[in-house]
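So the chains spell out like this:
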Amino acid sequence: MLAIEDLHVSVGGAAVLKGLSLAVPKGEVHAIMGPNGSGKSTLAYVLAGRPGYEVTRGTVRYDGQDLLGLAPEERARRGVFLGFQYPVEIPGVNNVYLLKAALNAVRKAHGEPEVDAFEFLALVREKMKIMRMEESFLSRGVNEGFSGGEKKRNEILQMLVLEPRLAVLDETDSGLDIDALKIVAEGVQSMRSPERSFLLVTHYQRLLDHIVPDRVHVLVRGRIAVSGDASLAHELERRGYDWVTGEAA
Amino acid sequence: MSAPLIERIAAEHAATADSLPSAVVPRARRKRALDSLIARGLPTSREENWRYASLRALERVRFAPPASGASGGREQLPAAVEGFARFVFIDGRFAAELSDPTAPPGGVIVDLGSRAAGTATIPAEPDPERGDEGAFALLNDAFAVDGAHVRVGSQRTDHSGTTAEAVARVEIIHLASAPAERGASYPRIRVDVAERARLELIERHVGPAESASFIDSAVELRVQAGAVVEHFRLQQLGARALWVDTLSASVARGASYRLHSFGFGAQSARSTQTVRLLGDGAETGLYSICTGDHRQVLDSYALVEHAAARTRTEEIFRGIAAGRARVAFNGKIIVRPGAPGADSSQSLRGLLAGPEAEIDVRPQLEIYTDDVRCSHGATTGKLDEAMLFYLLSRGLDRDQAQRLLKWAFLEDVVARVAVPALRRQIETSLADQIRERDGLKELL
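Sequence order for the protein chains is A and B. Here the first sequence is numbered in the working numbering, starting from 114 and rising by one per residue. Here the second sequence is numbered in the working numbering, starting from 116 and rising by one per residue.
These are calculated hints, taken from the structure and not from any lab test. You may find that some hints are simply not true.
[Stated by the list, open to error] Straight line, CA to CA, 35 angstroms or less: simulated DSBU-like cross-link-like pairs of lysine-lysine:
1) A:K139 <-> A:K213
2) A:K131 <-> A:K264
3) A:K295 <-> A:K221
4) B:K497 <-> B:K447
5) B:K146 <-> B:K447
6) A:K242 <-> A:K295
7) A:K264 <-> A:K295
8) A:K213 <-> B:K497
9) B:K497 <-> A:K131
10) A:K295 <-> A:K139
11) B:K497 <-> A:K264
12) A:K221 <-> B:K447
None of the values given here were measured: they were computed from a predicted structure.
Kindly produce the complete structure, drawing on both the sequences and the hints.
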C-alpha cells in the first residue's frame with residue numbers, strides 16, 4: 114500500500130528526515146513512535162503534501178504510484194487521509210458543508226454522482242453516533258471553539274465519512290482524556306479492514322493499548338531506529354526513549 | 116478638484132435653479148450650500164482622507180439632475196423583503212408605481228420631499244464647517260430633487276400598560292438609471308427615530324449594469340434616547356457607476372445605532388460615515404464588507420465621535436480586493452474629554468486576492484480622556500495557508516477552497532444581519548462576487 118524508500122526531507126533548509134524507509138502493507142496498522150523532534154509530524158505532513166516540506170531524496174509509492182508528484186487534494190481523492198495533530202479552525206465554514214464537499218470530491222474522482230442529501234445526512238448521523246457527537250455540531254464552524262478532544266473526534270469523524278484507504282493519524286491521542294481516547298480508538302477500530310492501512314503517529318504507547326498495531330517503528334533523528342511488533346511499544350514505555358536513542362547514536 | 120469643475124457646477128446650478136423644487140430644499144438654502152461648496156472646493160486625492168477615492172470621473176458628469184420621467188422597471192429591483200414597506204426612487208425622484216408603502220408597522224411615517232407642503236421634513240442643512248467630509252453633502256443640498264423623511268414615533272403603551280415592541284420596517288431603494296452625461300442623482304434620506312422607538316431600515320443603491328451614473332447620496336439619522344436602529348445599506352450599483360456618499364448619525368442617551376454596510380458595486384465608490392455618540396451610554400456598531408474586483412475603487416471613511424460617558428463602538432470591516440481593485444477603509448475614533456468610560460473596538464481586516472490588487476485598512480484613535488478602553492486590530496494579507504491546506508487535504512479543489520475561505524472571511528459581518536430574507540439576498544450577492552454561486556449554494 115505504502116512504500117517509503119530512503120526519504121530525505123528538509124524544512125526551512127534544515128534536514129529533518131534523513132533516509133527513512135518504511136513499508137505498510139495493505140490491511141496493516143503501523144505505529145510510528147519517537148521522541149519529540151524526531152520527525153514524526155514531518156513524515157505525516159510530507160505524506161499529505163503540505164507546502165514547505167522539501168523532499169531532497171527518496172521515493173514514496175502509494176499503490177505503486179508516485180505519491181510525491183500528486184497535489185494534496187489529489188492525494189486525498191485517491192484515499193490518503195491525514196488526521197491533523199492540530200486541526201485548523203475555520204470559522205464561517207460549517208462542518209456539514211466541509212464533510213459534504215470533501216465526500217463529493219472523492220466521489221467525483223471515482224466518477225460517482227454527488228451524494229444524495231438524505232443519504233448523506235443519514236451517513237453522517239450514523240458516524241456521529243460512533244464518535245458520540247451532538248447533532249448541533251454539524252452547523253458549527255469547522256473546529257470553531259472546539260475543545261482539543263472535540264477537534265480530534267472531528268478528525269476521526271471525517272475519516273469515517275471519507276473512508277480513506279490510507280489513514281495517517283498524527284498524534285490523534287494527544288490532549289485526550291481517557292474517555293475521549295476510547296471513543297477515538299473505537300472510531301479507528303471500526304475502520305480496520307483488509308483493504309485499509311493505518312499509520313499511527315504517537316508519542317505515547319497508551320493509544321496502542323486500544324488499537325493494537327501490527328508493527329511499531331521508532332523514529333530517531335529522521336530515521337527508523339528500530340522496528341518490532343506491538344510489544345515494542347510496551348518496552349519503550351518501560352525503558353523510555355533513551356534506550357533507543359542511545360542505541361541509535 | 117479643479118477650479119473649472121466648480122465653475123461648471125455653479126453654471127449648471129444657475130441654469131437649473133428655477134426648476135429645482137423649493138419644497139425639497141428652499142432656494143436660499145440651495146444657494147448657501149453652493150456658495151459654501153465654491154468657497155471650499157471639492158476634495159482631491161491629494162487630501163489624506165481622499166487618498167483612495169477616484170474622483171477623476173467627475174469630469175464627465177453633468178451635475179444638474181436629469182429631466183424627470185426617467186424609466187425603470189420592476190425587474191431592476193431586488194426581491195421584496197417581507198414586512199418592509201418599500202419606497203423606490205429613480206435618479207433621486209420618488210417612483211410611486213414601483214413602491215409598496217403599505218402601512219409599515221411600528222407607527223412609521225414616511226414623507227416624501229417632493230410632495231411635502233413645507234420644508235420641515237428635509238434633512239438638516241449640512242454644516243459647511245465640517246471639513247472635507249461635507250462637500251458632497253453640500254452638492255446634494257444644492258441639487259436634490261426629492262427626499263424621504265422617515266419618522267418613527269415613540270413606543271406607545273397599550274391598555275395593559277406594557278410597552279409594545281413594534282419595530283418599524285422600511286426599505287428605501289435608489290435606482291440610478293441616467294448616465295452621468297445626462298445628469299446626476301441625489302438620493303436624500305432623513306431618519307428621525309423617537310425615544311425608545313425601533314427601526315429596521317434597508318437602504319439600497321442599485322443600477323443597471325451598463326449605466327455609468329453619478330450618484331451623490333446624503334443620509335442623516337437622529338436616534339433619540341433609548342431608540343434602536345438597525346440600518347442595512349447595500350451598494351450594488353452597476354460596474355460603471357460613480358458613487359459618493361455622506362452619512363451622518365447622531366445617537367442619544369442609551370440609544371443604539373448599528374450600520375451594516377455592503378459595498379459590492381460601482382466603478383468607484385466613496386462613503387463617508389460620521390456617527391456621533393452624544394448621550395450617556397449611546398452605542399454604535401459599524402459592520403462593513405467591501406468586495407472589489409477588476410478596476411474597482413471602493414473607499415470608506417468612518418468617523419465615530421464619543422462625546423458622552425460610557426459610550427461604546429464596535430467596528431468590524433472585512434474587505435476583499437481581487438483583480439486590480441483598490442479597497443480602503445479608514446476607521447477613525449475620537450474620544451472627547453467628556454466621555455469617560457468610553458469603550459471602542461475595531462477589527463479591520465483586508466484580504467488580497469490578486470497580485471495587482473491593493474488594500475489598505477487603517478484604524479485611527481484620538482483620545483482626550485484617560486478612562487477609556489480602546490482596542491484595535493488591523494491586518495491585511497492573503498488567505499491563511501494552514502486553512503487552505505486543511506481544505507485541500509480533504510480533497511477540495513484549490514479554487515473551491517479559496518472561495519470557501521473568502522466566504523468564511525466575510526461571515527463575521529454577514530452573520531449579524533438579523534433579517535433572514537435580507538441575509539439570504541446578501542449571501543447570494545456575495546457568492547456572485549466571489550464567483551462561486553453554484554459551489555456555495557448549499558451555504559445559502
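Evaluated hints:
Taking the CA atoms of K139 of chain A and K213 of chain A, the gap is near 27 angstroms; set against the 35 angstroms cutoff, the hint holds. Proximity of K131 of chain A to K264 of chain A is assessed by CA-CA distance (about 31 angstroms); at most 35 angstroms being required, the pair is judged to hold. Between K295 of chain A and K221 of chain A the alpha-carbon distance is near 33 angstroms, which keeps this suggested pair within the 35 angstroms criterion. A distance of roughly 24 angstroms separates the Cα atoms of K497 of chain B and K447 of chain B; the hinted pair therefore holds under the 35 angstroms criterion.
At roughly 32 angstroms between alpha-carbon atoms, K146 of chain B and K447 of chain B fall within 35 angstroms of each other, so this suggested pair holds. With a C-alpha separation of about 14 angstroms, the suggested pair K242 of chain A and K295 of chain A falls inside the 35 angstroms cut-off, and the hint holds. With a C-alpha separation of about 15 angstroms, the suggested pair K264 of chain A and K295 of chain A falls inside the 35 angstroms cut-off, and the hint holds. The hinted pair formed by K213 of chain A and K497 of chain B meets the criterion: a straight-line CA distance of about 26 angstroms does not exceed 35 angstroms.
Between K497 of chain B and K131 of chain A the CA atoms are separated by roughly 33 angstroms; this keeps the pair inside 35 angstroms, and the hint holds. Of the pairs offered as hints, the one joining K295 of chain A and K139 of chain A holds, with about 25 angstroms between alpha carbons and a cut-off of 35 angstroms not exceeded. For the hint pairing K497 of chain B with K264 of chain A, the CA-to-CA distance comes to about 25 angstroms; that is within 35 angstroms, so the pair holds. For the proposed pair K221 of chain A and K447 of chain B, the alpha carbon gap of about 49 angstroms is over 35 angstroms, so the pair is violated.
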